[in-house]
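J.: The listed protein sequences correspond, in order, to chains P and D.
Following the working numbering, the numbering of the first sequence begins with 1 at its first residue and continues without gaps.
Following the working numbering, the numbering of the second sequence begins with 1001 at its first residue and continues without gaps.
Simulated from the structure, these hints should not be mistaken for lab results.
It is possible that part of the hints are untrue.
Listed next, the in silico BS3-like pairs over lysine-lysine satisfying Cα-Cα at most 30 Å (straight line) [said to hold, decoys possible]: (1) P:K14 / D:K1012; (2) D:K1066 / D:K1012; (3) P:K591 / P:K676; (4) P:K591 / P:K204; (5) P:K689 / P:K676; (6) P:K14 / D:K1062; (7) P:K647 / P:K661; (8) D:K1004 / P:K14; (9) P:K14 / D:K1075; (10) P:K350 / P:K338; (11) P:K14 / D:K1066; (12) P:K14 / D:K1088.
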Amino acid sequence: MFNLTQAIERWRRKILAGQAIEDGDLAELEGHLRDKIEDLAARGMNEEEAFLRAEAEFARSKDLDADFFRARSRRDGARPSWQRWRWVPPLLASYIKIALRKIRRQKAYALINIAGLSVGLACCAVIILYVTNELSYDTFHPDSRRLYRIATHRINQVGEDRSSTTPGPLGPELLRSYPQIERAVRIVAPYENARHVLVVSGEKRFFENRVWFVDRDISHVFRIPFLQGHPQTSLEKPNAVVITEGTARKYFGGEPPLGQTLQIEIDYDTGTTELQDYEITGVVKDSPANTHFKYDLLLSMPTLLQNVPSFEEDWLEYHTKYTYVKLSPTAEAADFEKQVQRAAAIVYQKYEEARNRKMELFEFFLQPLSRIHMDSRLQEEMEPPGNWYYVYIYSAVALLILLVGCMNFVNLSIALSAARTREVGLRKVVGASRGHLVGQFLGESFLITLLAFCLSFGLVYSLLFPFNRMAGTELSLAGLTQPAVFAALAGLLVAVGLGSGFYPAFVLTAFKPVSILQGRLAPSSRGTLMQTLLVVGQFAISIYLVICTLTVEQQLNFMRGRALGFDLEQKLVLRVKSNLSHLRRDYETIKNSFLQNPAITGATVSSSVPGDPADAGYYLTTRPGDFKNAARLKVITIDYDFIPEFKIKMMAGRAFERGLKNDENGAYLINLAGVKELGFSNPQEALEKSYMSHYHRMTKRIIGVTDDFHYRGMQTVVEPLILDIESSLMDTITLSVRMDSSNDLLGFVRRVWDEHFPGVPFEYSFLDEDFDRQYRYEKQMGSLLGITTTLGLVVACLGLFGMASFIARRREKEIGIRKVLGASAHDIVTMLAGRFVRLICLAAVIASPLALYSMNSWLRDFAYRIHIDAAIFLAAAFGALAIALLTVGLQGFRAAVANPADSLRNE
Amino acid sequence: MIAKAMIAASTKPIILAILKGGENYGYRIIQSVREISGGNLEWSEPMLYPVLRRLERDGLVKSKWKVTENGRFRKYYQLTPLGHEELKNERLQWLTVHVAFCKILDLAAETK
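Construct all of the structure, not just a fragment, from the sequences and the given hints.
T.: This is the structure we're talking about:
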């Protein structure tokens, strides 16, 4: 049976294969075909014959395509593009052409779309950089899968710990006795002054804190690119040093550093220190950001061995000594880990020999190098570990912003395509297949996403600097070229492009065109529902972010403002990093020198100031010599002025007093937490009780109890603390000052400093600033949230603005009529805004419980926390409402004051 | 058989002239041409449409879609003022050539 409709379908598809033929042309041609068939049929032919005749007629014109193309082009004699170059996929080209045309016609909306999306994409890109950076630590070393650090786990009479450090002789022992070890290298921090190694070159003197002794084979384990010098021989001889590019520039400017001399002071804890000469035998690239082992100067291991001959024999001391190994390709890590316990046996033996008792437990274990940064939390890590928590949080926030940007995009697309329903309807009717339309919408969305992407790179560039400062990272645009990052971004582009276009492409093209052309211009109700959801969604996310930001800020302020229990205003802190013996012997004299200046009202010397990590501790026992079951308390060694200078409150007994000689040798102070730790039920009970400390083996009695001042900041609960007069740990001078512009206080302090510590660089800080730095992570999060919240709100408002102006335009006529009928500007604005107000309220209702839950979980980590404030929730909701009203109101107002005659004229 | 070049040159003025008589659509234009020329001018049918497109691009005609009684869509064309002008131009041109030919090729007699 001949089916005319089918035949025509087939014919249509054939014609459509031509590329210059647009949908309208096809309709016209089809009409012509049908007319002809009718005609022929009227003259007596049957349908099939008529069709074939008509079709043949068409086939007579060769290259209809080219004709159509020529007809449309502006140049005479133009050749259609597909007859010119063969390599542009023609369908893509035409979609892009159409998309560009659309964009040009609706510049403003396209701009809003792109702007919103760019912001979202930029945030995402930055976070992707951050996350990949964090997860890529130490993966760039060759054979990184065979690289491990050896760590120790031990239990002895003072307690249990796991540490990243190992005994010095372990490295060579592994090389000797274990065939599966290809390389073993040690990294050792300079003994006492690891954080402040004085380095001198002529006039230039600086304290360096990334100085390490390393074995010669270090560059066979870690990737350390040499720019000058030979990796094999640079670290062979004693007193040889390899420096980084940056260090070379710092000390030598542009001069070639190779062969020159640096004077370096290492404190081997022998009582005196002196500068020794080192020859520069190599220059390497600066250590990258994504490694846990960061260095500026590498000293040769033979230097250390010369100065500390016992190094290769000492199995019991592992302070700041690290051992890294590279397993041979065939070795199994688990296997090796079992076998390496044989080396542990040596430790057991030596310990027993030295201490005359058995060590309960000592074992080594392996840590894969690439997991150290994120997962290792042992004692004495080289640097603070990464934090999965913040990786998650930053990722979540970035995704939220992106979501808002995408929602924006879809919303505007829907709005725009609603205006194009007429066009869409016509095209469907005259022959455009649905596939065509879907392709076109997707193409448009993809193109806009691409443009947004390009724009966002500019944004990323400007976002990176503040982000780096905030998060303490060193991200750069170069990171974008890494394969992992590139792949993630490409995936993002596709996902967003297609995802955002999905709804308009598939849902909106699925309506009946006839009703459109018959004049019923109503957009599909599906579109409206989606738009509503999107507006609510965008604002819900924004409100959620606002609440979280405000709460975090509140908590931060609380932590800073809460009574810390000591005075930290106007305290100038001088840390003595060199020539400590002078400080510890003559600190009273030194203090007096400073007190000569009337602007300095007080001075005290201690082992740490409030805010410092305060890791030092005493084991206290009531039974002299027997430290089993000893209590462990943190300790700060102080002088007589510490308590009054920091205005620490005494709860029982008294503070140290000058003149009472016994105070120095026979007295402790403890805090309230210490009272509990030692098993007393109230401070009075603790007074006059005597304890021996493992540190100096002296027995002293408790003469006073202080309040629990927050010597470590607000995040941790106050731990039990002893205050002791003990000079051997002192290293910090704190001056109470009265800073004002008239006195040259710093100059004076510097002069006194130079008198007592000649040649040592003068560095100072203010205690309140130091303390603030404690909340680095929280402040980071506060800033990050602040920025992203603002961005999120901006994007949401952009979207709202676009939508509102769009709707206002569409209802121009309606508004015009209402005005003519007597509506005031106020009425119009209310009408437009009313709907939005309800949506925002809904958004607030959705966002609030989510925010409540999130903030509760976050606050749980803090020892001292605020109560979540209901006022914040209300403020956020009203704020969003106000902003939304402003945005919509502006549009409404514009519509309201427009001359109704203008809008009605187009009837 | 009329030469291709001649057909090409004559298409434009013929279409304009037909449209002068009122609004018209593709298929009917072709039929009219066939009738008026007594079957001598048989245009390749689809060829008409690119020409119409071009005329529209040049602003000589404008088009409008209409719905027919049996629900089909049809594109109607009509002359613009510019088109009227152009028609006058073309008519003049053809007349000039015709007069020259009349004299040279001795056409006068057959065109009566």
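J.: Holds or violated: are the alpha carbons of P:K14 and D:K1066 at most 30 Å from each other?
T.: 25 Å, holds
J.: Starting from P:K350, check that the Cα of P:K338 is at most 30 Å away, please.
T.: Distance of about 20 Å is within 30 Å: holds.
J.: For the pair supplied as a hint, P:K14 and D:K1012, is the alpha-carbon distance within the 30 Å limit?
T.: Given that 30 Å is the threshold and the Cα spacing comes to 28 Å, the pair holds.
J.: Can the restraint linking D:K1004 and P:K14 be considered satisfied, given a maximum Cα separation of 30 Å?
T.: 27 Å, holds
J.: Would you check the hint for D:K1066 and D:K1012, treating anything up to 30 Å between C-alpha atoms as holding?
T.: 24 Å, holds
J.: With the threshold set at 30 Å, check whether the alpha-carbon distance from P:K14 to D:K1075 stays at or below it.
T.: Holds, at roughly 22 Å.
J.: Would you mind confirming whether the straight-line C-alpha gap from P:K591 to P:K676 stays at or under 30 Å?
T.: 35 Å, violated
J.: Sort out whether D:K1088 lies within 30 Å of P:K14, counting only the CA atoms.
T.: Cα-Cα ~40 Å, so violated.
J.: Tell me if the straight-line CA distance from P:K647 to P:K661 falls inside 30 Å.
T.: 23 Å, holds
J.: P:K591 and P:K204: Cα distance at most 30 Å?
T.: Distance ~28 Å between P:K591 and P:K204 Cα, so the pair holds.
J.: Is P:K689 within 30 Å of P:K676, Cα to Cα?
T.: With Cα atoms ~14 Å apart, P:K689 and P:K676 stay inside 30 Å; holds.
J.: Can the restraint linking P:K14 and D:K1062 be considered satisfied, given a maximum Cα separation of 30 Å?
T.: 28 Å, holds
Comparing the model with each numbered hint stated earlier shows that hints 3 and 12 do not hold.
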